[in-house]
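So the protein sequences, as listed, match chains A and B. Counted the way this note's numbering counts, the first sequence spans residues 91 to 265. Counted the way this note's numbering counts, the second sequence spans residues 998 to 1501.
To be clear, the hints were calculated from the coordinates, so they are not data collected in a lab. Where is the CB? At the ideal position from N, CA and C, for every residue including glycine. Keep in mind that the hints are not guaranteed to be accurate.
Which residues of chain A face chain B? A partial, calculated answer using Cβ under 8 angstroms [to be verified]:
(1) Asp141
(2) Tyr159
(3) Phe165
(4) Gly166
(5) Ile167
(6) Asn188
(7) Pro243
Over 10 angstroms on every C-beta distance to chain A, these chain B residues come out as not near it, computed from the model [unchecked claim]:
(8) Leu1028
(9) Glu1036
(10) Leu1127
(11) His1144
(12) Glu1157
(13) Leu1187
(14) Asp1206
(15) Ala1226
(16) Glu1272
(17) Gly1304
(18) Asp1313
(19) Glu1324
Residues per chain, in single letters:
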Amino acid sequence: MWKLIARNLLARPLTEPAPPPDEAALAALAADVDKAARARLGRSLSIRQVDAGSCNGCELEIHALNNPYYDIERFGIRFVASPRHADVLLVTGPVTANMAEALKRTYDAMPDPKWVVASGDCARDGGIFAGSYAVVGGVDATVPVDLHIRGCPPTPTQLLAGLLALLRHVARAGG
Amino acid sequence: MTRPALDDWIQGLPASARQAVPAHRPVPRHLLDAAGWAELIATLATADWELFGLWGDEAAIHVALHDPGAGTLAVLSRACPDQSFPSLGHVRPSAIRLERAAADLYGLISSDGPDRRPWLDHGKWPHSRLFAAAPYDFLPVDGAGVHQIPVGPVHAGIIEPGHFRFHCNGETVVRLEARLGYVHKGIERLMAGRPPFEAIKLAGRLSGDSTVACALAFARAVEAAVGAAVPPRAVLLRAVMAELERIANHLGDVGAIANDAAFALLQAECSALRELTLRAAGASFGHRLMMDRIVPGGVDADLDAPGAAGLDGLIDVLRARLGRVVEVYDAKPSLLDRTMNTGIIAPELVQRFAAGGYVGRAASRGFDARKSPGYPPYPELAFEVPVRRYGDVHSRVTIRIEEIGQSLGLLRQLLDRLGEPGADGLRAPLPAGGGEGLALVEGFRGDILAWVRLGGDGRVARAHLRDPSWFQWPLLEAAIENNIVADFPLCNKSVNASYSGHDL
C-alpha cells in the first residue's frame, strides 16, 4: 500500500489536461452560459461560513437564520460543511493574524464561480479591533469581498436581506 | 492537614515578605517578594484555595485566589524585574495555560513551568516570540493502532475556530489536545489608554454570547476602582439583561446538544424559544443581544411599560413551553442513551480547576458568583443554584434546564421591583481619579473575572478579563477521553467553552 501511495504522490496526476477551447463551440457556448449558470445555480446557494476572528456575536445571529422563524432553506440557501461544496464564503470578524492563512486556504478550496460575503462591522475594516497588532484588517485584506452586510452583529433580517440580494445578483450575472 | 484561611495566611507572612497595595478594591492586593511567592507555592500544595485568575502586567505577575471555606478573594502579585517568575502550574494545573498566555502577551516567563510551549502566539504578530512560528509540538501518543485525527481551525459548522488533535484507537479517543488562540484580537492592549466608556465596548465583545456579563464585569471593576455608586434602577436593569442572556444561551445550547444527537425536534423548539427571548430583549432594550447597554456607572437603556409587558409575556410563554421540552427530553431513551454516561468530568477535576458554571455545578461544585461573593441585586432575591454530582452531558443539560427556571423566577422578581420608569437616574458619573478594581460576575457559562487599573487621568492603564472558558477547555480534554469520536460534538456543546473569550 505504501509503495502505491508513494508512487502516486510522486507521479503526475492521471487526469488529462483540458483540451484547448474550440473557437466555434466557444461562440455558441457564450450564448448558453447565462442560461446554464442559471440552471446550475437556479435559486440556490450553498454557503460555507468561516469565523476569521469574530466575538461570536455574528455566529449567534447566523445560527438564527436556521430557526423556524427565518428558515433560510426555503430560499434555497443552505449552509454546507465543506468549502468544496460552497458557492458563497460568509466571513465574520476582523481577520486575525492567526486566522488569515486558514481563511485564504478555505477560499482557495472553493470551486469557481464563488462569492464572498463579509458579515458585521469588524469584517469591513476591523471595526473596534482595527489597529491591533493581532488583527490584519477587514476581510478584503485577505480575500476579495463581493458584498458586505453591516451591523454589530447584523440581525437575521439584515443577513437575510443581504443574502437574497446576492442571490438575485448571482442569477442576473450568471454569464 | 490544616487548611489555613487565605486572609490569615497573608496576615501571617512576615512584614518583609508582603506589602499591601493601597487603592485596590473591593478585595486586598499584596505584593509578595521572592520568599513570599515561594511560600505561596508551598502552601498551595496543601491549601484548598482556588485559582481564579493569573495575568501579566508590566514587569509583574498577578494571581487571584479564592478561599472556598471563607468565601474570600485576594490578589497576590510578584514583581518580575528579570521577566520571569516561579510557576504555579505544578500546584495549580489551571495556571499552566494562563502562564503560557502571560509569556506570549507580556513576555513574563514561568521559569520552571511544566509546559512552556507558546499558546496564543502562533508566530504571526510583529512582536511574536522567537520560534513561535515553529510547528506546534503536540503531546505524543504511542501504541499499536493509534492514529491521529486533526480537526480545524476551520470547523464543519457555524462555530468558532480552533484546532483539535485527536489520538484514537479505533473509535475510542485516547487523547484530545486542543490548540487555541486563532481568534486572538489583542483586546487587552486595545483597552489600554482608552477611557472606561470606550473600553467597555471591547469588554462587551470579548465573547459575544456573554456580552452583557462581560460588560457588567468590566463596569463593576471600574466602579470598584473609583468607588462609584450605581443607581438602584440601573442595578435591577443590569440583572434583567443578565438573566435574559442566561436564558437565551441555555435555550440555544439545550437545542444544539439535542441536535448533535440527531434529534432535530428539540433543536427546532428550543431555537424558536431562543428567538422569542432575543426578540423580547430587542423590543425592550433596542438590541437583540443587549450589546453596549451596560456602561460604567449604570445602564444606557431603560425599560418602558410595553417592554416590561413584553417580558411578562415571555416569562409565561417560556414557562409553558419549557415544560414540554423537558417532557420530550426525558421520554426519549435514544436521546438519553447519547447524553447519559457520556463526557464525564469528575468532581475532583472540577475542584482542581475551579471550573465554574454548569461544568462545575454538574459535578458537585456549586460555586455561583451571584451567591458568593454576591453582588447587587442578587442578595435580596430568592433563587437556588442547582447542583448535580455525576458530571456527564446529561447532568450539564439538566443543570441548564433548571437554571432557565431559576432565571425566569429572578426575572419575575426583578420586574416586580422595577415598577415604572422613575425620575431617578440610570447612570452615575464616575468620580475622577485612578485606582484598581476587581469584579466577579456570573455569566451563563460561569464566573467572569475582570480586573482594571485606572490611571490618574481616569483612563485604563491595564485591564484583564478572564473568561470562564480558561478553566473549562482543559476539562473538555478529560471529558472526551475513552469516549468515541462521534460523541465529541455532544461533549463539546455540553461544555460550550468560548473560543473568543479564551483567545482574547
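Exercise. Mind listing which of the numbered hints don't hold for this structure, in increasing order?
Key: Going through the list in order, the structure violates hints 3, 4, 5, 12, 13, 14 and 16 and respects the others.
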